[in-house]
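Please arrange chain B on chain A, whose structure you already have, making use of the hints.
Residue numbers (numbering that gives the first Met the number 0), protein chains in the order written: chain A, 0 to 263; chain B, 0 to 263.
Watch out, some of these pointers could steer you wrong.
The list treats identical chains as interchangeable, and a pair is accepted whether it falls inside one copy or across any two copies.
Stated by the list, open to error - DSBU-like mimics (lysine-lysine), calculated; alpha carbons at most 35 Å apart, straight line:
(1) Lys171 to Lys199
(2) Lys178 to Lys199
(3) Lys56 to Lys10
(4) Lys73 to Lys56
(5) Lys10 to Lys199
In short, the hints are calculated from the structure, not lab data.
A quick note: this is a predicted structure, and the numbers were derived from the prediction, not measured.
Here are the chains, one letter per residue:
Protein chains: 2
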Amino acid sequence: MDLQLIDQFAKNIIFEAGRRIRTAFTYDLVVETKSNANDLVTNIDRETELFLIEKIKSFDSTHKIIGEEGMGEKVDSLEGVVWIIDPIDGTMNFVKQHRHFMISIGIFVDGIGKLGYIFDVMREDLFYAIEGVGAWYNDSPLRKLQPVKIEEAVIGINASWVAPNRHIHHEKVIELVRKVRGTRSYGSAAMEIAFVVSGKLDAYVSMRLSPWDIGGGTIIAKEVGAIATNLRGEGFDFFHQDTFIIANPSIHQELLEKYIVQYD
Amino acid sequence: MDLQLIDQFAKNIIFEAGRRIRTAFTYDLVVETKSNANDLVTNIDRETELFLIEKIKSFDSTHKIIGEEGMGEKVDSLEGVVWIIDPIDGTMNFVKQHRHFMISIGIFVDGIGKLGYIFDVMREDLFYAIEGVGAWYNDSPLRKLQPVKIEEAVIGINASWVAPNRHIHHEKVIELVRKVRGTRSYGSAAMEIAFVVSGKLDAYVSMRLSPWDIGGGTIIAKEVGAIATNLRGEGFDFFHQDTFIIANPSIHQELLEKYIVQYD
Numbered sequence: 000m001d002l003q004l005i006d007q008f009a010k011n012i013i014f015e016a017g018r019r020i021r022t023a024f025t026y027d028l029v030v031e032t033k034s035n036a037n038d039l040v041t042n043i044d045r046e047t048e049l050f051l052i053e054k055i056k057s058f059d060s061t062h063k064i065i066g067e068e069g070m071g072e073k074v075d076s077l078e079g080v081v082w083i084i085d086p087i088d089g090t091m092n093f094v095k096q097h098r099h100f101m102i103s104i105g106i107f108v109d110g111i112g113k114l115g116y117i118f119d120v121m122r123e124d125l126f127y128a129i130e131g132v133g134a135w136y137n138d139s140p141l142r143k144l145q146p147v148k149i150e151e152a153v154i155g156i157n158a159s160w161v162a163p164n165r166h167i168h169h170e171k172v173i174e175l176v177r178k179v180r181g182t183r184s185y186g187s188a189a190m191e192i193a194f195v196v197s198g199k200l201d202a203y204v205s206m207r208l209s210p211w212d213i214g215g216g217t218i219i220a221k222e223v224g225a226i227a228t229n230l231r232g233e234g235f236d237f238f239h240q241d242t243f244i245i246a247n248p249s250i251h252q253e254l255l256e257k258y259i260v261q262y263d
Numbered sequence: 000m001d002l003q004l005i006d007q008f009a010k011n012i013i014f015e016a017g018r019r020i021r022t023a024f025t026y027d028l029v030v031e032t033k034s035n036a037n038d039l040v041t042n043i044d045r046e047t048e049l050f051l052i053e054k055i056k057s058f059d060s061t062h063k064i065i066g067e068e069g070m071g072e073k074v075d076s077l078e079g080v081v082w083i084i085d086p087i088d089g090t091m092n093f094v095k096q097h098r099h100f101m102i103s104i105g106i107f108v109d110g111i112g113k114l115g116y117i118f119d120v121m122r123e124d125l126f127y128a129i130e131g132v133g134a135w136y137n138d139s140p141l142r143k144l145q146p147v148k149i150e151e152a153v154i155g156i157n158a159s160w161v162a163p164n165r166h167i168h169h170e171k172v173i174e175l176v177r178k179v180r181g182t183r184s185y186g187s188a189a190m191e192i193a194f195v196v197s198g199k200l201d202a203y204v205s206m207r208l209s210p211w212d213i214g215g216g217t218i219i220a221k222e223v224g225a226i227a228t229n230l231r232g233e234g235f236d237f238f239h240q241d242t243f244i245i246a247n248p249s250i251h252q253e254l255l256e257k258y259i260v261q262y263d
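Just chain A, same shape as in the assembly (with noise of 0.2 Å):
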């Protein structure tokens, strides 16, 4: 397997796709929702993906695809290739601020992430990684992560996790809170991940992800050592909806266990 082959023609087609949102911004935008008025969707995000689809299955027809809009085939394993996309992360950014949304790529083979990618489609700013070879950001290599205290974190956190909430003990986020010198929230999953494997962040939790959300951060994570799990401190669960946490590597144990902790 070239990897090196999939990992150009991976940024071509981010590139393409990037250059065909930014134009579709002249055309108006039709505005659904999906399960729930929270859940915004366009038809730029379905036209993305379908664009996407479209160029992975004639590069190679064997690779496989699980995109948020589920226009891709039934995907039930991660044997072989398979390419997890989200066309648009942050669909309400897109919609409200046209900024702040990114295409994101994690492309696995038997399971391993291989290439990752994070593309924030306004600025044109890409953040990959190659597994075993390093990540950047643009044509910059990122750094390795350098530790950092809990007091001198900047954490991506939404103000619905500081509130009573059924997932976790919110008095302990109030801590955290409290504790940490200042908390970000960004409306992004892909993009709170980005900054956190650039250090930018130094650790952002969610909830409910799905798999496309971190299916290309992951990857970048692991290259600058940055700790990826869900809330168990397991590896995240690719089919389905899950907790996460990303976080440098000196703070991930003692947000999990004194900070972010899940009700039993």
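Only chain B this time, still in chain A's reference frame:
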């Protein structure tokens, strides 16, 4: 007073200050702490403020300047022409993320906000307004804000205010977090204000801001119909720290009455 001339001059020094800051990233950054560890200041903040002051004083030595770093003279009234400047709003973002920080400038004439600027230094994005004439995002006019329902609103609010705190009833903030479509937090007041005036957020609240955080923004707000007050619904106190809310006019009052409620 030739406002158009001042406007052109202000834009010139903002763009020039932005270029200087972007160049400075190639040099080392000296980070000190001011009053506490969360209040970072760098040599570039100071140099940028000095640069702006020198330019303004040589443009017109009668103009007065209130600056975050306190490098200007003591100003105790808004009589005459007063510039309220923040060379880098979002210093923590500046240091850690190398993005999401703003130059913010408001120009007041005898207490009336005449010209307002928020400049995203890394994106080179300028939000600005001329009182009574209009507001712009780069070359595009900013539209009057359209009504929004609270259920559909996206609100800029930091996790700190969802936790119990001595300023506002956090139980009501929790209700708000559950009611709205989403919340965001970017770590730069000027950035969040720029997002409200351009409809990317529907409101932003903070418990303690200084004049330079909001001087430019409140002038832009007026031109697009955004309402900016303190949490008592009064005009912001430009000589002290104060609470602050800026919101789409359709939800400003509802937010203050039901969700962002100060302790007596």
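query = When no copy is specified for Lys56 and Lys10, does a C-alpha distance of 35 Å or less occur within a copy, between copies, both, or neither?
reply = Close inside one copy (15 Å), not across copies (50 Å); limit 35 Å.
Homomeric proximity label, Lys178 with Lys199: Cα distance no greater than 35 Å = both (18 Å within a copy, 30 Å between copies)
query = At most 35 Å between C-alpha atoms: does Lys171 with Lys199 qualify within a copy, between copies, both, or neither?
reply = both (23 Å within a copy, 31 Å between copies)
request  = Since the copies are identical, ignore which copy is meant and state whether Lys73 and Lys56 lie within 35 Å (CA to CA) inside a copy, between copies, both or neither.
outcome  = For Lys73 and Lys56, only the intra-copy Cα distance (14 Å) is at most 35 Å; the inter-copy one is 67 Å.
query = Is it within, between, both, or neither for Lys10 and Lys199, if the alpha carbons may be no more than 35 Å apart?
reply = So Lys10 and Lys199 pass the 35 Å test inside a copy (23 Å) and across (29 Å) alike.
Figure legend: structure checked against the earlier numbered hints; every hint is met.
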